[in-house]
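Residues per chain, in single letters:
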Amino acid sequence: MSDILAVADHRRGDLRDVSYELVTAGRELADETGGDLHVAVISGTVDEFAEKLNREGVDAIHTVSHGEEFNHDVYSQAVTQLYDELAPQYVVTPNSVNGLDYAPAIANELDLPIVTDTIGLEADGDTLVATREMYGGKVETTNELEGDAVVTIRGAEWPAAEGTGDAAIEAFDADIDEDAIGSTVTGFEEVGGGDVDISEADLLVSIGRGIEEEENLDLIRDLADALDATLSSSRPIVDNGWLPKNRQVGQSGKVVTPDVYIAIGISGAVQHVAGMKGSDTIVAINTDPNAPIMDIADYAIHDDLFDVVPELIEEFQ
Amino acid sequence: MKILVTVKEVATVEDEFEIQGTEIADQYLGADLNEWDDYAIEEAVQLQEDGIADEVVTVTIGPEECEQTIRQALAKGADRAVRVWDDSLEDTNVLDVGAKTEILSAVVEAEDPDLVLSGVQAGDDSFAATGVSVAENVGYQWGAVVNHLEHDLGDVASVRRELEGGVEELTEIELPAVLTIQTGINEPRYASLRGIRQAQRKELDVQSLADIGVDESAIEADLELTDMYEPESESDVTVWEGSAEDTASELGDLLRDKGVAQ
Chain A
3 MSDILAVADH
13 RRGDLRDVSY
23 ELVTAGRELA
33 DETGGDLHVA
43 VISGTVDEFA
53 EKLNREGVDA
63 IHTVSHGEEF
73 NHDVYSQAVT
83 QLYDELAPQY
93 VVTPNSVNGL
103 DYAPAIANEL
113 DLPIVTDTIG
123 LEADGDTLVA
133 TREMYGGKVE
143 TTNELEGDAV
153 VTIRGAEWPA
163 AEGTGDAAIE
173 AFDADIDEDA
183 IGSTVTGFEE
193 VGGGDVDISE
203 ADLLVSIGRG
213 IEEEENLDLI
223 RDLADALDAT
233 LSSSRPIVDN
243 GWLPKNRQVG
253 QSGKVVTPDV
263 YIAIGISGAV
273 QHVAGMKGSD
283 TIVAINTDPN
293 APIMDIADYA
303 IHDDLFDVVP
313 ELIEEFQ
Chain B
570 MKILVTVKEV
580 ATVEDEFEIQ
590 GTEIADQYLG
600 ADLNEWDDYA
610 IEEAVQLQED
620 GIADEVVTVT
630 IGPEECEQTI
640 RQALAKGADR
650 AVRVWDDSLE
660 DTNVLDVGAK
670 TEILSAVVEA
680 EDPDLVLSGV
690 QAGDDSFAAT
700 GVSVAENVGY
710 QWGAVVNHLE
720 HDLGDVASVR
730 RELEGGVEEL
740 TEIELPAVLT
750 IQTGINEPRY
760 ASLRGIRQAQ
770 RKELDVQSLA
780 DIGVDESAIE
790 ADLELTDMYE
800 PESESDVTVW
810 EGSAEDTASE
820 LGDLLRDKGV
830 AQ
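These protein sequence lines map, in sequence, to chains A and B. To convert a position in the first sequence, counted from 1, into the working numbering, add 2. To convert a position in the second sequence, counted from 1, into the working numbering, add 569.
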């Protein structure tokens with residue numbers, strides 16, 4: 003019988019959705035190990051967060067009141083101390099930007115293996131079988147490890163926990179060594195801005211790496227004009243400076259839910275998919291029939307965008 | 570200031586491929602400089618050009634075949650390279666975070682850099698954990714997913730961390746530190762012909778595990794890759810076949826049916 007410790011994510015006063023998904027993943031693991039599910043919430047309005055996290059299947063919630071926002075040193079210290087106190091088999095965190103900023107550190111500190119970005123987990127006795135992707139989602143792998151471990155879970159892979167639980171909510175008196183804190187968050191900034199809000203569009207024409215050269219972007223602009231659609235893109239286009247940040251769809255960009263999303267020359271990296279999979283209808287134009295985008299597309303054209311797009315423009319001009 | 574950049578040669582996979590056991594068959598694999606590391610190299614070289622860094626050293630875990638990739642980093646401006654390899658690593662099917670941490674930590678300790686820049690993740694195994702793990706291991710500060718670094722470094726690195734949903738966090742990190750570098754932080758340069766010629770003459774120091782003082786038992790992977798397969802499609806995708814004219818026409822009909830285009 004071994005317990006699970008799940009560490010919630012929050013930002014600027016709100017619990018992040020993945021925290022509820024984490025409860026589901028943690029509960030499933032706890033059912034397999036036959037133990038309890040402990041949830042930790044660190045910094046911010048912890049009592050309020052604890053009430054929200056008290057969903058079905060949670061056995062105990064540990065609050066660590068220290069500072070307002072995420073600080074990886076505070077999280078590392080609090081989680082390692084909770085680990086020492088609770089001796090869970092697995093520490094589970096979101097595979098979020100902040101999760102990746104402390105989970106590897108606690109794994110190293112506690113001398114535990116870490117398996118990141120998991121999309122499936124199964125515990126059998128001392129063995130954990132973790133499913134994750136490689137090569138940008140082209141393959142899935144199963145990975146086994148023995149004994150205790152730190153695991154990070156990908157967002158939106160588990161359903162959010164619902165209902166109301168009867169967890170014991172307790173303040174955990176973590177001994178935070180202020181001298182060991184080597185970084186300070188000084189603020190947050192929304193990026194992008196601009197005059198176009200891609201999250202409001204009904205029809206998005208979205209372009210990715212397949213466009214090859216900046217000059218070729220004119221072709222996609224012509225298409226957006228012909229269709230009276232809004233132009234958006236995947237990350238590499240913005241990284242190259244070909245479109246401003248406010249056009250980027252994905253985890254680090256905007257989440258969009260148009261009626262139709264036309265993904266042109268976009269392979270469908272998980273970070274991109276996270277931002278557009280809520281679209282009503284997804285059309286992918288890509289020469290690679292095995293591109294991950296095909297897994298979520300409703301319609302696909304396995305052809306060269308430079309052949310298909312001019313035909314489409316002609317049809318609507 | 571000395572900067573150490575972790576450089577990985579990643580495996581790339583062709584559009585069509587076959588899996589043999591727990592690996593992709595060799596003939597479908599290529600090799601490339603890890604995209605995220607390319608941005609880390611560029612950032613280090615820019616710090617050198619700005620007179621902040623005196624030396625940029627790269628470190629790579631990999632066999633002799635990856636020297637081509639290391640030379641790319643040298644051609645872009647890194648001063649010298651360290652490559653660590655050992656026959657005992659040859660049969661490992663996963664070089665997991667713990668093993669990489671042991672090896673890279675030994676090199677960090679030997680080189681004693683002020684700043685370590687590492688790609689956020691590797692394009693092949695995507696663990697995205699090694700940089701932070703190394704930092705904790707050697708007692709450096711760290712910042713994960715950095716997409717902006719102020720180039721007036723003193724004792725503190727002022728960075729922006731790219732959070733989800735178009736929000737950036739402004740953070741001050743004491744040096745020495747490990748920063749994991751996100752794409753988009755800069756525009757990686759192409760190596761010039763002159764750079765490529767010069768790279769051939771730069772020092773590429775090859776070290777075994779024994780050389781860097783790491784015991785073989787310390788790099789035994791905790792993780793075992795037990796299966797590899799192509800993911801099942803979540804959707805029943807309708808594939809439009811035919812000429813570009815035909816498929817464009819199908820898409821046109823769909824857009825009209827959905828009422829989003831006339």
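Quick caveat, the hints were computed from the structure, so don't treat them as lab data. Be careful, since some hints might not be right.
Across the chosen pairs, the derived CB separations fall in these ranges [unchecked claim]:
1. A:D197 with B:D595: 30 to 38 Å
2. B:E587 with A:E148: 49 to 57 Å
3. B:S786 with A:A182: 39 to 47 Å
4. B:G620 with A:D181: 27 to 35 Å
Partial chain A-side listing against chain B, Cβ under 7 Å, derived [unchecked claim]:
5. L102
6. L112
7. I116
8. E146
9. G194
Idealized CB from N, CA, C, for every residue including glycine.
How the hints compare with the structure:
no. : hint                           : verdict
1   : A:D197 with B:D595: 30 to 38 Å : violated (50 Å)
2   : B:E587 with A:E148: 49 to 57 Å : violated (30 Å)
3   : B:S786 with A:A182: 39 to 47 Å : violated (30 Å)
4   : B:G620 with A:D181: 27 to 35 Å : holds (32 Å)
5   : L102                           : holds (5 Å)
6   : L112                           : violated (10 Å)
7   : I116                           : holds (5 Å)
8   : E146                           : holds (5 Å)
9   : G194                           : holds (5 Å)
In this structure, the hints that do not hold are numbers 1, 2, 3, 6, in rising order.
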